[in-house]
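Protein chains in written order, with this note's numbering: chain S, 238 to 395; chain U, 238 to 395; chain D, 238 to 395; chain X, 238 to 395.
Please keep in mind that the hints were generated in silico from the structure rather than gathered at the bench.
A pair counts as met if it fits within one copy or between any two copies, since identical chains are not told apart.
Derived DSSO-like pairs (lysine-lysine); straight-line CA-CA distance at most 27 Å: (1) K248 with K309; (2) K248 with K329; (3) K313 with K248; (4) K297 with K329; (5) K309 with K254; (6) K376 with K298; (7) K254 with K297; (8) K364 with K376; (9) K313 with K297; (10) K248 with K376; (11) K364 with K298; (12) K373 with K298; (13) K313 with K364; (14) K297 with K364; (15) K309 with K329; (16) K313 with K329.
The chain contents come next:
There are 4 protein chains.
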Amino acid sequence: MGKEIEGVNKKISGETKLRVRYAETDKMGVVYHSNFLIWFEVGRVELLRQCGFDYREMEKKDNCHLPVVDLKIRYKAPAQYDDEIVVRTDLKRMSASLLHFSYEVFRESDRTLLATGETMHIVVDSKLVRTSLPEKYMKAFRDLTFHDPTFCDPTKNS
Amino acid sequence: MGKEIEGVNKKISGETKLRVRYAETDKMGVVYHSNFLIWFEVGRVELLRQCGFDYREMEKKDNCHLPVVDLKIRYKAPAQYDDEIVVRTDLKRMSASLLHFSYEVFRESDRTLLATGETMHIVVDSKLVRTSLPEKYMKAFRDLTFHDPTFCDPTKNS
Amino acid sequence: MGKEIEGVNKKISGETKLRVRYAETDKMGVVYHSNFLIWFEVGRVELLRQCGFDYREMEKKDNCHLPVVDLKIRYKAPAQYDDEIVVRTDLKRMSASLLHFSYEVFRESDRTLLATGETMHIVVDSKLVRTSLPEKYMKAFRDLTFHDPTFCDPTKNS
Amino acid sequence: MGKEIEGVNKKISGETKLRVRYAETDKMGVVYHSNFLIWFEVGRVELLRQCGFDYREMEKKDNCHLPVVDLKIRYKAPAQYDDEIVVRTDLKRMSASLLHFSYEVFRESDRTLLATGETMHIVVDSKLVRTSLPEKYMKAFRDLTFHDPTFCDPTKNS
Numbered sequence: 238m239g240k241e242i243e244g245v246n247k248k249i250s251g252e253t254k255l256r257v258r259y260a261e262t263d264k265m266g267v268v269y270h271s272n273f274l275i276w277f278e279v280g281r282v283e284l285l286r287q288c289g290f291d292y293r294e295m296e297k298k299d300n301c302h303l304p305v306v307d308l309k310i311r312y313k314a315p316a317q318y319d320d321e322i323v324v325r326t327d328l329k330r331m332s333a334s335l336l337h338f339s340y341e342v343f344r345e346s347d348r349t350l351l352a353t354g355e356t357m358h359i360v361v362d363s364k365l366v367r368t369s370l371p372e373k374y375m376k377a378f379r380d381l382t383f384h385d386p387t388f389c390d391p392t393k394n395s
Numbered sequence: 238m239g240k241e242i243e244g245v246n247k248k249i250s251g252e253t254k255l256r257v258r259y260a261e262t263d264k265m266g267v268v269y270h271s272n273f274l275i276w277f278e279v280g281r282v283e284l285l286r287q288c289g290f291d292y293r294e295m296e297k298k299d300n301c302h303l304p305v306v307d308l309k310i311r312y313k314a315p316a317q318y319d320d321e322i323v324v325r326t327d328l329k330r331m332s333a334s335l336l337h338f339s340y341e342v343f344r345e346s347d348r349t350l351l352a353t354g355e356t357m358h359i360v361v362d363s364k365l366v367r368t369s370l371p372e373k374y375m376k377a378f379r380d381l382t383f384h385d386p387t388f389c390d391p392t393k394n395s
Numbered sequence: 238m239g240k241e242i243e244g245v246n247k248k249i250s251g252e253t254k255l256r257v258r259y260a261e262t263d264k265m266g267v268v269y270h271s272n273f274l275i276w277f278e279v280g281r282v283e284l285l286r287q288c289g290f291d292y293r294e295m296e297k298k299d300n301c302h303l304p305v306v307d308l309k310i311r312y313k314a315p316a317q318y319d320d321e322i323v324v325r326t327d328l329k330r331m332s333a334s335l336l337h338f339s340y341e342v343f344r345e346s347d348r349t350l351l352a353t354g355e356t357m358h359i360v361v362d363s364k365l366v367r368t369s370l371p372e373k374y375m376k377a378f379r380d381l382t383f384h385d386p387t388f389c390d391p392t393k394n395s
Numbered sequence: 238m239g240k241e242i243e244g245v246n247k248k249i250s251g252e253t254k255l256r257v258r259y260a261e262t263d264k265m266g267v268v269y270h271s272n273f274l275i276w277f278e279v280g281r282v283e284l285l286r287q288c289g290f291d292y293r294e295m296e297k298k299d300n301c302h303l304p305v306v307d308l309k310i311r312y313k314a315p316a317q318y319d320d321e322i323v324v325r326t327d328l329k330r331m332s333a334s335l336l337h338f339s340y341e342v343f344r345e346s347d348r349t350l351l352a353t354g355e356t357m358h359i360v361v362d363s364k365l366v367r368t369s370l371p372e373k374y375m376k377a378f379r380d381l382t383f384h385d386p387t388f389c390d391p392t393k394n395s
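Model the full assembly from the supplied sequences, consistent with the hints where possible.
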């Protein structure tokens, strides 16, 4: 669901905020680049929470884990110490076995775009063996995007 | 220099080793994915050192910094605590203003490929303003790959 | 100022909240212990902000940095992924050249005490040479604790 | 066993080396202080390895984990990017339920002492319930320090 289809579906997206920690900076005086991946994680987990899901419970009760298998990030501008950061996360596509998120990271004060990125996740159990998202998650995401029949298709175990 | 041109040039590549730290693991029991980016950095800096360059001196004496502007990574298999890891780094292409590295991360014991990735870097000064690599670096890299006229071309400020 | 002297002075203390990130956990399934130091830093910076000071500006405009020179921490109970954490920070004592903070880290949900600690900081400039806090900071902290003549004594350059 | 008793026992101590990573620095231009705790962990694990123990196996096969419960560190001098670091680790005292390590962190080039510290560890199982070190570890450490009857005393479950 890279682009929103007008009047037809709803994007599953959300924003979360955080503040740059001193520990996240490096000797260049700006945020060390790998920390953006941790911010993506924060954005992703908060998006799931906004959709009604608690990733901690998903791991504990449903034995479903979502490791990253593919990641891209483009850095546009440096993040500075103590900046308030907005992470905008979109769930672009999902099936019972694969989730695809995209991200935009902004400095809040002037809404400068700092980075964009994407992550792909598979579904595994605690032994790291591939499994499927329980139907309750699939149904919930379908309900959230009910007008878009292609958005999440539980019959396709991509 | 994505592919080696037979009998014509030399790849600028190198390997470095490290051991997975407890701090790098997460509650899934494997290495948290953002740590691979730090390992890429270790591989890159060691490759520069093997080429005769000290990145610390490049920053301090030449006021040249190489921030990551674009990054891709594909995770193939999990890295485990205490694994000995090999990072193979290739300098794929460079100009006076842009460097392109690729990486392969292996578990040393069974040579399992854990991840592959690429990073693009621009050259900036300590104020984060774009600048060019001093000619001594360009010459050195040209000498290391002397048979390949296309590898690093100081006239192209890409 | 470990204990508040009734009717005489005010403690300089504050609370800040954060949520445990996946990246902060380790393979034991709980937060890796060094992350508590980063949370102390978050607590300390927010306490300064609550006192009217912006540590970023202190570094940039006043060329004052506060590196940790001594640190103690006692771990009482593990922090879990996704826990909401409260960091309570107290400024225990300060002079123009030395600051002493103490910390209590709680899980918010059940107010379990997870860790206690202390940090000592010296004041240095950007060259890491010892310097003194500008009088404006000393005055402000004196005003905040105005009834306690021993709390911060700018004549003692301890 | 803070001090060696001449002619009577052997200290259990060892050294390990590492190189400062860019990711470990902060905007003050030096290593962020919490990274020293990770280096302590590296030193501790290598000391156990030098004693014939593999901490990974201790966790996996013996279900023994050694979380830090108490930690002190004194910072003497900053560590710089790309410095080669020596971590000297001593096992100061142990029982079947408690281990006490001390550390000295040096810059290798000029043997400057950068930090000293101590950690206390309890022994827990994977559920974080207190347990005891298997007798094989106790015996091995007794053998390594065989002349010192007070060093590790398996009858004292401190």
